[in-house]
Every structure is written in structure tokens, then in C-alpha cells.
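Line by line, the protein sequences give chains A and B. Take this note's numbering: the last position of the first sequence gets the number 419, and nothing is skipped along the way. Take this note's numbering: the last position of the second sequence gets the number 419, and nothing is skipped along the way.
Since the hints were made in silico from the structure, they are not lab data. Certain hints may be false.
No copy is singled out in the list; a pair is fine if it fits within one copy or between any two copies.
[As the list claims (entries may be wrong)] In silico DSBU-like cross-links for lysine-lysine, where the CA-CA straight-line distance does not exceed 35 Å: (1) K196 / K359; (2) K359 / K278; (3) K177 / K231; (4) K278 / K233; (5) K196 / K177; (6) K98 / K76; (7) K98 / K380; (8) K76 / K231; (9) K319 / K379; (10) K233 / K98; (11) K278 / K319.
As a plain string of letters, each chain reads:
There are 2 protein chains.
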Amino acid sequence: MKDKNIDLKCISLRLANVCLLSLMFILVLQAQPQRPRFRNIVSPGVLPDNKVTFRVYSKEAASISVSGDWSVTREATQMFKNDSSVWSATIGPLEPDRYHYTFTIDGIRATDPSNPITVRDITTHASVVLVPGEVSELYTVQNVPHGSIHKIWYNSPTMKLYRRMVIYTPPGYDDSQDKYPVLYLQHGGSVDEDAWTELGRAAQIADNLIARGKAKPLIIVMPNGNTNEAAALTEIPRAAGSQGFPPGPTTGNNYEASVVKDIMPYVEAHYRVLPGPENSAIAGLSMGGGQAYNVGLRNTDKFAWIGVFSSGLFGGVQGGYGNFDPENQIPGLLSNSSSFNKSLRLLYISCGEQDPRIEYTKKAAILFKENGLNNVFTGFPGQHEWRVWRKALADFLPRLFK
Amino acid sequence: MKDKNIDLKCISLRLANVCLLSLMFILVLQAQPQRPRFRNIVSPGVLPDNKVTFRVYSKEAASISVSGDWSVTREATQMFKNDSSVWSATIGPLEPDRYHYTFTIDGIRATDPSNPITVRDITTHASVVLVPGEVSELYTVQNVPHGSIHKIWYNSPTMKLYRRMVIYTPPGYDDSQDKYPVLYLQHGGSVDEDAWTELGRAAQIADNLIARGKAKPLIIVMPNGNTNEAAALTEIPRAAGSQGFPPGPTTGNNYEASVVKDIMPYVEAHYRVLPGPENSAIAGLSMGGGQAYNVGLRNTDKFAWIGVFSSGLFGGVQGGYGNFDPENQIPGLLSNSSSFNKSLRLLYISCGEQDPRIEYTKKAAILFKENGLNNVFTGFPGQHEWRVWRKALADFLPRLFK
């Protein structure tokens with residue numbers, strides 16, 4: 018009787034669900050009566066030779082173009098309309114990578130309406146296209162164990178703010194009692210705590226490198242580095258019309274204190290963390306590279322691994338900083354480099370090869386070497402952009418905690 | 018000497034950071050040379066009387082309109098161009114709420130380029146505008162303690178998939194050893210495990226109701242209810258051109274087994290969960306409402322609280338289901354309603370008042386009552402849409418675990 022009951026239950030549940038499926042399907046189509054129909058537009062279409070075709074349907078538009086970070090200058094490519102009012106352009110072939118692009122429709126920046134995958138970069142949105150290849154595999158969810166992403170709020174007495182941060186725990190964390198080393202990873206100016214996971218694909222990069230045995234399983238802590246901001250603008254909207262940095266000073270000397278006094282104690286109290294500087298790294302990109310440099314080198318009792326990606330700290334930024342003065346910022350860095358060498362396991366410096374910062378960054382790395390300060394410098398093709406920073410992270414992680 | 022050193026460090030860090038700030042600011046503006054300038058367009062602009070003005074700049078466009086979920090039919094409002102090529106339209110006054118809207122630019126659906134806040138609904142994106150008021154406050158980050166969001170992967174032997182789900186833990190969870198009741202919350206057909214937090218604002222609704230003492234602190238588990246899908250399309254992209262449901266059957270009788278055999282044991286092993294049906298609720302919207310109804314009522318030994326939001330199960334969906342047969346689906350539901358009344362603490366049913374399902378849903382609730390099955394029915398203004406489902410969740414949570 019019991020079996021029979023279960024069987025009846027299963028049959029009726031199956032029937033109910035088949036019905037549910039068909040009615041839901043009809044309903045989804047029916048529920049949004051004013052949405053333009055999709056007209057089977059496939060965009061982007063990645064061709065076997067790594068050329069990419071973009072398409073969009075419009076009878077009325079006067080001009081449509083596409084631009085993306087495959088071009089260092091974001092040069093726009095005009096799209097042309099066929100007899101069926103489908104506009105298209107084919108670009109490339111492109112190097113394997115994850116690209117961000119937008120359409121400009123009669124002067125209005127827009128994402129690709131046929132592409133569900135978009136990312137927010139500061140206050141604007143772009144569509145995403147993946148050109149397959151070895152590097153793109155690192156940025157996608159592969160058939161490997163995945164870590165977790167935690168989005169948490171913590172008190173920052175230093176900043177007098179209740180703030181949000183994003184924490185990656187590695188595969189296996191939830192099913193073990195092991196302790197793990199930690200990377201504190203800073204975003205760039207005007208983006209936020211969501212940037213490294215969403216734009217930077219940090220979780221996928223870590224998952225994939227760990228699965229390949231190339232990176233040690235680690236915790237990655239991604240705070241909000243804008244010192245006047247509690248959380249990403251999706252959580253706490255900025256004032257209307259605020260397009261770049263959040264209003265007010267975004268960085269200040271309390272960032273160092275907040276990392277050391279607020280964030281690290283929170284992480285050590287709530288996560289299973291291996292102690293000591295040999296198990297703690299700090300890195301960041303652009304503004305966050307400066308933060309990693311300053312916080313890391315001022316606290317070598319806490320961090321033995323430092324990564325400075327595309328920082329403007331060394332010069333090369335229009336209107337800023339011709340006067341990089343390492344010894345003044347970090348006393349003893351050059352004059353007593355051997356003591357830094359003893360504390361540090363890695364000082365890693367990287368930059369995009371088309372970034373205006375590159376020459377100054379290279380010079381700084383050479384200056385450090387000349388003064389006996391061990392460091393590693395790596396350049397990546399690209400300007401001041403995520404294509405470079407994802408590669409920097411993927412190059413940096415395998416060097417840590419070994 | 019020590020103080021002086023610290024002071025020097027602070028001054029030089031402060032100088033470094035001021036410089037960093039200015040150079041980063043210049044850099045951000047400079048780094049994206051091809052982006053259209055913003056021209057100080059403020060859009061959306063919410064006026065004191067709750068009218069909303071939308072604006073977009075274009076010299077070339079032939080026609081631009083705006084439509085959103087303030088209109089049940091998504092009726093488009095034409096925008097008109099002024100002498101400065103700024104197109105605008107003012108709508109409303111609108112009821113306080115969180116609205117989703119899009120522009121149609123020469124026939125192309127697009128988000129508002131001046132508005133950084135967007136949401137993904139299935140495969141398309143919309144911009145978000147909040148009209149202030151009591152209900153909108155529930156959907157925003159207020160000055161109250163916040164819970165955490167975990168995005169985790171778990172094995173589903175039942176589905177033979179390694180799957181992703183989203184879990185909300187309440188404020189205080191990480192700093193206590195308390196155990197909490199759990200709500201298993203299902204999304205609708207074709208959306209995914211990110212829907213309840215992103216479109217549904219589940220974390221903000223829970224935070225705010227808990228802070229007001231209106232809801233009990235609880236864990237909310239949000240699985241992916243599409244049985245052929247491991248994760249949201251942002252994690253594992255669907256096949257090109259797939260605009261609605263993921264390909265293949267999205268629901269089936271293994272969903273029940275996956276909740277009971279995979280998801281609940283995972284949650285009970287990894288989170289501090291109060292045991293027993295009196296501490297377990299299951300709810301869902303649309304397809305997920307059907308899942309909650311079936312899984313809940315078939316497992317009253319596990320769930321004492323059931324929420325069915327806007328389900329097509331009872332009828333009202335074009336082409337589907339005239340033949341709701343409760344007794345056949347859930348044996349004894351009507352003929353032995355008293356035994357269900359003994360097990361259940363709440364059978365909650367809700368629907369949008371402009372949803373074609375509403376009359377059938379009301380009839381089902383009356384049929385249940387007539388057969389002695391206790392239930393609560395609530396309607397909310399709106400059709401088959403998130404404005405209704407957020408209100409349903411906000412109405413449902415305060416009824417749980419009391």
C-alpha cells in the first residue's frame with residue numbers, strides 16, 4: 018500500500034508539474050505584453066575564428082555602433098542595417114578573453130538587448146562576451162569544486178560606519194575545520210566591494226587555480242575601499258547625478274586603520290584564518306594598489322605578501338604625482354631594504370602595457386631593485402582596465418603562501 | 018620618537034592619499050575616452066508629488082518611450098525632445114513602491130543610461146526607480162542591523178547536479194550560537210536562485226521586518242527551482258538565443274526529492290537550524306508557488322508553514338489547467354482536512370488582483386475553507402509581477418514561527 022501511495026503521489030505530482038511547466042511557459046510569454054519581441058536575434062555571436070558578430074534589430078535608428086575593451090581606445094565600429102532591419106558588425110578575430118562592450122544607439126549608450134550577461138562598472142553597464150580559450154576558462158564556472166561568496170556587514174569603529182564587504186571562502190571550507198591563509202583584495206577608485214567578484218571574476222579565478230593545484234586554497238576578503246561609503250551603490254544609492262566617485266573624500270589615512278583595526282579582527286573572529294604575516298597578503302588595483310602598497314609596507318608585521326596592480330602611486334597619471342618619493346612614504350624602504358626583504362615574501366608589481374602608468378611603474382620596480390628591495394614586475398597587454406586586472410590576479414594568486 | 022614617527026607616517030600617508038585621490042579622479046574620467054558624456058542628465062527624477070520624470074539625451078533618435086510596472090499593461094509613454102536634445106516624459110503620481118522600467122529607443126529596449134541601478138529579470142534588464150513611502154522603505158537598506166547573503170554550491174545527488182543556492186542569515190547570526198527557523202523560498206519559472214534577493218529584495222525585507230520586531234529572525238534558503246539548471250545564467254550561461262526557460266524540462270517530480278533529500282540536509286548540516294516542522298516554512302511564487310504547495314502539503318511532517326504566491330496551480334492561465342483537482346494531487350486535503358489543520362500552522366495563499374489567476378485562486382481558497390481546510394488569502398494590487406511578490410513576502414514573513 019505504501020509503495021502504491023507513493024507511486025500515485027509521484028504520478029500526480031508529475032502530471033501537476035507538466036501542467037505547471039506548460040502554463041508557466043505560456044504565462045512568461047504573456048506576462049510582459051509590451052516587451053519588444055526578440056526576433057531570434059543572436060548577439061553576440063562568436064565565430065570559430067574568434068571573430069564576433071553583434072546584432073540588434075531596429076527599423077528606425079539612424080546610427081548604431083559597438084565599442085568594447087578589445088580596443089584600448091574603445092574605438093567604435095559602425096553597425097549596418099540589412100533588409101530585415103537587423104543591424105550588425107563583425108569585429109576581430111579577438112584574443113581569447115572576457116570582453117565588455119556597449120552599443121551606441123543614436124548617441125545613447127546601451128547594453129546589447131539580446132545578451133543577458135551584463136556587468137556594472139561604477140555607474141554604467143556593459144554587456145559581456147567571452148571569446149573561448151585558456152584564459153577565458155579561468156574566468157568561467159568550470160566543472161570543479163566552487164568556493165562560497167559571503168556578502169556581510171561589519172562595524173568599522175575607525176570609519177564610524179556600518180560597512181559591507183564580500184568574502185570568498187575556498188572549496189571545502191564549509192566541510193572542514195582547516196584554517197586558511199587570507200588575501201585582502203582592494204578594488205579601484207569609484208567601484209566598490211562587488212567589483213572583484215563581478216568585474217574581476219575573483220571567485221572563478223580562485224576556484225579554477227585551486228582546482229588545477231596552481232593556487233593554495235585561500236580566503237579572499239574584498240572590502241569597500243571608498244572611505245566615505247558604507248556599501249556599493251546598489252545597496253545604498255549615491256546622490257542623483259553622482260557618476261564617478263561617491264561624494265566627499267574617498268580615501269584617507271583611516272583606510273589603513275580600518276584594515277588593521279576593523280577588518281582583520283572581524284575576519285579573524287569569524288573565519289578560520291591561519292595566523293601571522295606569512296599567511297596574510299594584501300593587494301589591490303589602481304587606488305586599491307596604492308592602498309595595498311601603503312597598508313602592506315607600513316605593516317610588514319601583518320603582511321608578507323603585497324600585490325600592487327596598476328597603481329598611480331609611481332606616476333604617469335595626468336595632473337598627478339610626478340614626485341614619487343618612496344623613502345618619504347615608507348621610511349627605510351630603500352635605505353634599509355634588507356629589513357623589508359627579511360619581512361616580505363613577495364612584493365609584486367604589475368601594470369597594463371598600454372596604461373600611462375607603465376613607464377613610471379617599471380622605473381619604480383627598477384629603483385627598488387637598484388636599492389636592493391626584492392620585487393617582481395609583470396606587464397599585461399591592455400590599459401587601465403579589467404582585462405589587465407583579472408590577469409594580474411590570476412598571475413598573483415599562484416605566487417602566494419608557498 | 019615613536020609618536021613623531023607615527024605622526025610623520027600619518028602625514029605622508031595623508032599626502033599620498035590626497036594625491037592618489039586627485040589622480041584617480043582624473044584617471045577615471047580619462048580612462049574611458051569613448052563613453053558618451055553624461056551632460057548632467059538626472060534620470061529618473063522623483064518629484065515631491067511622486068510624479069517621476071525620465072530623461073535621456075539624443076540628437077538623432079526618431080522615437081523614445083518609457084514603460085514600466087507602474088502600468089499593469091506596461092503601456093508605453095512617449096518621451097519628447099526639447100531644444101537641447103533632451104528627451105523627457107513625466108508620469109504619475111505613483112504609489113510608493115520600487116518600480117522597474119525600460120526605455121524603447123527607436124524600437125530597441127534599453128535601460129536608462131543615467132541610472133546605475135538595474136535588475137536582471139530572466140534574460141532582460143530593467144532600470145529601477147524607488148518612489149519613497151512606507152512600503153519602499155521595506156525594500157531599501159535602512160539604518161538597522163543587516164543579515165548576510167551566502168552564495169554557495171551544494172551537491173544534489175537527486176538531480177545529479179552540483180548546484181548553487183543563495184542563503185540569507187539574519188542579523189546577529191554570526192555573533193551568536195542561537196538556532197533559527199528556516200524559510201525555503203522558491204522563485205518563479207525561468208528566473209533563478211538570485212531572483213528573490215535581487216528582484217525580490219528578500220534580504221532588505223527580512224532585515225527591516227526583523228528590526229521592527231514584526232518578523233522573527235530566520236534563515237531564508239533560496240534554491241534554484243529549475244530542475245535542469247545548476248545555477249543562474251550569470252554563472253552558467255544558457256545556450257545562445259535561449260530567452261525564456263532554460264532548455265529542457267524545468268520542473269519535475271525530483272524537485273520535491275531534491276528539497277527534502279539534498280537541500281534540507283545540507284542546510285541542517287551547515288547552518289544552525291531549529292528542528293521540526295514548526296520551525297520550517299516553504300513558500301514560492303508562480304512556478305515556485307506550485308512547488309511550495311506540492312512539496313509542503315506532501316511533507317507536513319517537515320513543514321508547518323506554507324506560502325503559495327501567484328501560483329497557476331488553481332487555474333486562470335491561458336491554455337492550462339481548467340481542472341484543478343486538489344484531492345487527487347494531495348490525497349485527503351479536502352476529505353481529511355482536519356489532519357492537515359492539525360499539522361499546518363499556516364496555509365497562506367496570495368495573488369495579484371490584476372493577475373488572471375486571481376479568480377481561480379480565490380475559488381480554491383474558498384473551496385478549501387468550505388472543506389474545513391484553514392487558510393489565509395490575501396490579494397495585492399498588480400498582475401504577475403515583482404511588485405506583488407515583494408508585498409506577499411512582506412505580508413508572509415510576520416506570520417511565521419509565532
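Checked against the structure, which of the hints given earlier come out wrong?
7, 8, 10
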